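Asker: In order, the protein sequences belong to chains A and B.
The numbering of the first sequence is UniProt numbering, which starts it at 1 and goes up by one.
The numbering of the second sequence is UniProt numbering, which starts it at 1 and goes up by one.
Among the hints, erroneous ones may be present.
Here are the in silico distance ranges between beta carbons for each label pair [stated by the list, open to error]:
no., chain 1, residue 1, chain 2, residue 2, range
1, B, A139, A, A51, 42 to 48 Å
2, A, V71, B, V626, 54 to 60 Å
3, B, A349, A, V71, 53 to 59 Å
4, A, V71, B, V496, 53 to 59 Å
5, B, M381, A, V71, 44 to 50 Å
6, B, R468, A, L33, 43 to 49 Å
7, B, R506, A, G14, 50 to 56 Å
8, B, G249, A, V71, 43 to 49 Å
9, A, Q129, B, Q161, 30 to 36 Å
10, B, Q161, A, L123, 42 to 48 Å
Don't read these hints as lab results, they were simulated from the structure.
Note that this is a predicted model, so its numbers are computed, not measured.
Glycine included, every Cβ here is placed at the ideal spot set by N, Cα and C.
The primary structure of each chain is shown beneath.
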Amino acid sequence: MTTRPGPHARLTGGLLLWYGVLGGAVAWAVHVLAAWSLDELACAAGSERVAAVPLWQAVGLAVVIPGLFTVGSLLVAALVWRRTARAGEEDRAFGRSRMLAVVGVWANLLFLTIIVLGGVAVLVLPPCQR
Amino acid sequence: MSTTTTPPPGVSEQDLARLAEHWGERPSLRGWFSTVDHKKIGRRYLVTAGFFFVLAGLSALVMRTQLARPEAGVVSPQEYNQLFSMHGTAMIFLFATPMLFGFGNFLVPLMIGARDMAFPRLNAFGYWVFLFAGLFMWASLPFGAAPNNGWFAYVPLSGEQHNPGLHMDVYALGLLFLGISTTAASINFIVTALKLRAPGMSLNRVPLFVWAIVATAFMVIFALPALNVDNAMLFLDRRFGTHFFDPSGGGNVLLWQHLFWIFGHPDVYIIVMPALGIVSAVLPAFTRRGVVGYPLIVLSIVSIAIISFGVWVHHMFATGLPQLSYSFFSAASTIITIPSGIQIFAWLATMLLGRLVLRVPLLYVIGFVVTFVLGGFTGAMFALTAFDQQVTDSYFVVAHFHYVLIGGAVFPMLAGIYYWLPKITGRMYHERLGRWAFWLVFAGMHVTFFPMHLYGLFGMPRRVYTYRSEPGWDGWNLVSTVGSYLLAVGLLLVLVGVVHALRRGRPAPPDPWEGDSLEWATASPPEPYNFPVLPRVHSLHPAWDERTAESVRAGATADRILSDGRRTLVTSELDAHPERAVQMPESTLMPLVLAGALLVFFTSMLFAWYPVAAVAALAVAATIAVWLWPSRRPDEELGVSG
Ligand code: HEM
Ligand SMILES: [Cu+2]
Numbered sequence: 001m002t003t004r005p006g007p008h009a010r011l012t013g014g015l016l017l018w019y020g021v022l023g024g025a026v027a028w029a030v031h032v033l034a035a036w037s038l039d040e041l042a043c044a045a046g047s048e049r050v051a052a053v054p055l056w057q058a059v060g061l062a063v064v065i066p067g068l069f070t071v072g073s074l075l076v077a078a079l080v081w082r083r084t085a086r087a088g089e090e091d092r093a094f095g096r097s098r099m100l101a102v103v104g105v106w107a108n109l110l111f112l113t114i115i116v117l118g119g120v121a122v123l124v125l126p127p128c129q130r
Numbered sequence: 001m002s003t004t005t006t007p008p009p010g011v012s013e014q015d016l017a018r019l020a021e022h023w024g025e026r027p028s029l030r031g032w033f034s035t036v037d038h039k040k041i042g043r044r045y046l047v048t049a050g051f052f053f054v055l056a057g058l059s060a061l062v063m064r065t066q067l068a069r070p071e072a073g074v075v076s077p078q079e080y081n082q083l084f085s086m087h088g089t090a091m092i093f094l095f096a097t098p099m100l101f102g103f104g105n106f107l108v109p110l111m112i113g114a115r116d117m118a119f120p121r122l123n124a125f126g127y128w129v130f131l132f133a134g135l136f137m138w139a140s141l142p143f144g145a146a147p148n149n150g151w152f153a154y155v156p157l158s159g160e161q162h163n164p165g166l167h168m169d170v171y172a173l174g175l176l177f178l179g180i181s182t183t184a185a186s187i188n189f190i191v192t193a194l195k196l197r198a199p200g201m202s203l204n205r206v207p208l209f210v211w212a213i214v215a216t217a218f219m220v221i222f223a224l225p226a227l228n229v230d231n232a233m234l235f236l237d238r239r240f241g242t243h244f245f246d247p248s249g250g251g252n253v254l255l256w257q258h259l260f261w262i263f264g265h266p267d268v269y270i271i272v273m274p275a276l277g278i279v280s281a282v283l284p285a286f287t288r289r290g291v292v293g294y295p296l297i298v299l300s301i302v303s304i305a306i307i308s309f310g311v312w313v314h315h316m317f318a319t320g321l322p323q324l325s326y327s328f329f330s331a332a333s334t335i336i337t338i339p340s341g342i343q344i345f346a347w348l349a350t351m352l353l354g355r356l357v358l359r360v361p362l363l364y365v366i367g368f369v370v371t372f373v374l375g376g377f378t379g380a381m382f383a384l385t386a387f388d389q390q391v392t393d394s395y396f397v398v399a400h401f402h403y404v405l406i407g408g409a410v411f412p413m414l415a416g417i418y419y420w421l422p423k424i425t426g427r428m429y430h431e432r433l434g435r436w437a438f439w440l441v442f443a444g445m446h447v448t449f450f451p452m453h454l455y456g457l458f459g460m461p462r463r464v465y466t467y468r469s470e471p472g473w474d475g476w477n478l479v480s481t482v483g484s485y486l487l488a489v490g491l492l493l494v495l496v497g498v499v500h501a502l503r504r505g506r507p508a509p510p511d512p513w514e515g516d517s518l519e520w521a522t523a524s525p526p527e528p529y530n531f532p533v534l535p536r537v538h539s540l541h542p543a544w545d546e547r548t549a550e551s552v553r554a555g556a557t558a559d560r561i562l563s564d565g566r567r568t569l570v571t572s573e574l575d576a577h578p579e580r581a582v583q584m585p586e587s588t589l590m591p592l593v594l595a596g597a598l599l600v601f602f603t604s605m606l607f608a609w610y611p612v613a614a615v616a617a618l619a620v621a622a623t624i625a626v627w628l629w630p631s632r633r634p635d636e637e638l639g640v641s642g
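Next comes chain B alone, as it looks inside the complex:
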């Protein structure tokens, strides 16, 4: 629709120049640190989460190397404990969620036809906190002080008596620190999607990816406090001798598990849901039709979000609660497969009814369906309490959740990376390289994790740093390890593909795939202001819709261009009626400073330098005060009509 050289009809060169001036940032070091542009922040989330993925993946390779043969001595038991704990914790908290939030940050404003997120500075703050919290946790590994009690850190094993040293303090403080970022991002997604949608984008025209991100954000808002409270109590128990989890002091051990799984169960969906949103976003372009059953997919998203909260107890079938209690949770855990199934069937129907264009993103979507469905089946087996008792804490479980997490999150992410790479970088990727990478990743994934079902059933427990030679274990473990190297090579090729695209890729047109949503109606990569004319939406597939393009041409009026300042349009929550134009904040170093002060605070809490922590807390308060100080001109002065 637009490049810098040819303004769209109705937009003057002057308008474009003013938009560029208000939204653009000079490339300087200060500019780099102070930007609040959602596209840059989204990109940073993607790169940083990718970096943490590489670290967690390397940890996994070390574990697999250790487990290739019985009684190997690559790492010590203490090191192994830290490796699997950091692997799990980082994959869940530092890779999967932030990666998907990276997609959300880049895409949500573009998909809903806005110029930025609702709170751009909060957005930048969230990114810096994520970066610092991630470094905070990873930095403990070289010192041998990393978390060592698994990603769910059960007490009493994570308590002070059983686990002295900094390990679990890093875990508790790191996750509390990170929680600030996740919460900030979630609030931002909700407000952005409710208030900044393009005029005409009523609820029945919101892209499914945006629905998924918003549902996820709500889940985070409701689930994360449980984890935060849990970690705060753990830290207090460990450091200051409180007795929240200590039965001898009137505390309760099961309390940790309840609170953890009230968070942890929805968290599986927090990870998978936006990934499913990516699938719904990618499919139309490669099937040449809209996803079948839009309202049913919305139903599925909303009800999964709700049901996932009601079923945490199914992780606790080995703890001895009354049978009747279990049955409530069993009913719901089984029934959650219905909404998930609805989505799968809707996608299959879309593929059957559409004209398939077999490019790399679609390959990953197909790989996702196969892998995720297998993971779903083994998951349904746990709903049988007897079976669950049998395989609890065996490699069967490890196999199952990797099928769900790699199938349900990593494959869709890879589909998304290939699909949006042209939009994000302005370059096309190399198709053949992409195919090679796909087949290696796909084969590697199944060769690694399928055998785990087997030696899990043969009795190999999870979280063991080594094992005696035993029939049925040795051979399959070696196969798993070989598979994990294949998988690593495949992922490396993905990276090579991205670098190749950046260096050598053909320049991408605005809409290389004929996608259906609004991000394809912008330049590749998009201008800092996203849209020269804020679009008006007439259907669920605005980019396929002549009327939307027409309304951009005909509607290039001052109130849709908004070139007199950094401004975007606020609309009503349900029907997206235009309400008013708002001024958006300029770039600032404040988010970075605030996140830095928080880093000092958490670091000094970790090392028990309480005076420094107190000073840092003051600095945090002062920064917040400066940040919130009313410095903007009131809206009337801008001539904004109420």
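This is chain A alone, in the form it adopts within the complex:
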């Protein structure tokens, strides 16, 4: 970028913006891998506990933490979206950030839904049932 970002632009570029756009996706990936491999490995080892914690609770943590992370990401995306409300046609950086914010809001809602669905499974199904 050639121009120095103004104070308003702080949120519209940089790491925080990317957290708002991709946070949910990353959280979901972590959630699937963690929950799946915890379940898979613990059951394969024939135990319903992970280091003294009942397996369903461990898997539950692998739902709740990524879920909260996604909520945070959703808030950031919504904030960026509000901040870029006045994005002019010509201002490339603002226009680009605004589009990313829209993408971020919807993506986070989508990933939050999947994580919640995965969470429901944890509460309904006994972990090692085949």
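Could you slot chain B with the ligands onto chain A? The hints should help.
Answerer: The following block gives chain B with the ligands in isolation, referenced to the frame of chain A:
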């Protein structure tokens, strides 16, 4: 905007002559083999992938002929195994992906206002590798040594004990060889789209087709290593007695399936995604408006790319993992329909709100929506594990994935072929011929594959070379076979249409459809340098935008013409601010030589001529060294400002 005779305002005859001199290639045999022009390479991808499609299609016709009647004897069981394996493998790996990459190669630089791909020589290399790998695999068929274990090659059936001979070595080595090409092309797409976009083309103005190609390229980069590792281990197991997949030696059979589907599931989207990109590119011209919901389609592209990685296990519901594990993957497999649905609704809204121009490309888009949605429905039925258990490995599955693959990839490709034919060849196609072809293809497709749902539900398993006469099977199988001949005639008419256009077609104007993206702002076919003046982009639809045309006229300054060498402009990744001009490589035989050396290497590995393989490996290393040897003048000498 430009033909060779009338230079655009602000560009002198001299500029044009110098551009032509730097970018043009003399028509000679050597020139033909050494070109690195993305348009020629794109065309070659399209033609070669089309050729492999014909071979795979002929294999399918032989299978359908065999299955027309119960207990027919057209082919032997061994031949049938090779036919469906080569059909599936070739359709997926040698036709669908390369065909779409062909579109990408031709279009991405034009759509983003650049003069070539970021790595033109790597691009040429990728094409030659694709060609050689494809020939390598097809050459095994006449010798009866073709892959014979289905396109997903499950161990232990593909292992040495159960499957001696070269068959599965051809599969493993062929796919490893081909993987080099796909990876090279993907890296190239990513860098090109990130760094060579025209000034002003910030992320919110990137054409949806380019978004789709880039997302696909990322998927390839992440997914393909799993397949490569899988195939390398398979080859080692078979040839050198390792035990990766052999439980008696401490290996794991399920490992093949996990790795295969970590690749294989995203691969469905690797095939469908760029095709959906074609739909988004074609629609504006035939609805006279921009696609509705641009950010939502971008969202859909990005999230499909991500989610598709998380759901491979849904192909393994018959293997006995814990219930909880399945539920994670079920949740995601079902939810992926949301982003796909978003795109469908956005296109329907575009059609409803726009003014429809019912030409052949739009017909294929409509055919695509109908077919793909039906395939989506039957796919959603698999998400019910109980139903999945019921129809696993029946013709129901064959019906479902042909609806998805032909509906989701072949129809959009056909739309794209008709749409861009004027740009690629400089000729218009014959409209009536095109319509006839469309209706035959559309009817043939449904007559072939719809009955498969039925006899699949009646219990006919897939991958059987023949069957006993059974009520509900015989008649419908005959219908399927008749349908496949209709489909073949339709596809033949498409080919006739292309040849007719090339020979007799009216010369095409630069922009026959009033398309919205930058490829329509060039001559048809484009000059070797694409744009006499590198455009500046002011909106999502630059070709509809007066300001873009104006900025080309007003901006015909030396730094946008760049006629002093083979040069193009590098811009920043997010906002496409101009950074500097770069020198692009000249044409060279090096890519062909390197791909040839690799062909020798893989062939000698196949036949276990290890000394030859060692020499070929040395030749590969030497060629790479020569290729990378710094021979270009450093940038300062060219007067390029940093
Ligand atoms: C052009 C018309 C086509 C016809 C008539 C056709 C026909 C068939 C038939 C009859 C089978 C089942 C073989 C069996 O299970 O016994 C089959 C399998 C298959 N087809 Fe097609 N097909 C066509 C196009 C395509 C296309 C365009 C693709 C992909 C882009 C494709 C991909 C596959 C795959 C992956 C298999 C599974 C092979 C296996 O079981 O390993 N087909 N096809
Ligand atoms: Cu899948």
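Asker: Now, for every hint given, state plainly whether the structure supports it.
Answerer: Against the structure, the hints come out as follows:
Checked against the given bound of 42 to 48 Å, the beta carbons of A139 of chain B and A51 of chain A, roughly 55 Å apart, lie outside it. One distance hint, 54 to 60 Å for the beta-carbon pair V71 of chain A and V626 of chain B, holds here, with the actual separation near 55 Å. Between A349 of chain B and V71 of chain A the beta carbons are some 30 Å apart, a value that contradicts the proposed interval 53 to 59 Å. Between V71 of chain A and V496 of chain B the C-beta distance comes to about 58 Å, which sits within the given range of 53 to 59 Å.
A C-beta distance of roughly 33 Å is found between M381 of chain B and V71 of chain A, which places it outside the suggested range of 44 to 50 Å. A hinted range of 43 to 49 Å for the beta carbons of R468 of chain B and L33 of chain A is consistent with their spacing of about 46 Å. In this structure the supplied range 50 to 56 Å holds for R506 of chain B paired with G14 of chain A, their Cβ-Cβ distance being about 52 Å. Under the hint 43 to 49 Å, the C-beta atoms of G249 of chain B and V71 of chain A, about 48 Å apart, fit the expected range.
As the Cβ distance of Q129 of chain A to Q161 of chain B is approximately 35 Å, the hint placing it in 30 to 36 Å holds. The hinted range of 42 to 48 Å is satisfied by Q161 of chain B and L123 of chain A, whose Cβ atoms lie roughly 45 Å apart.
The earlier numbered hints that this structure contradicts are 1, 3, 5.
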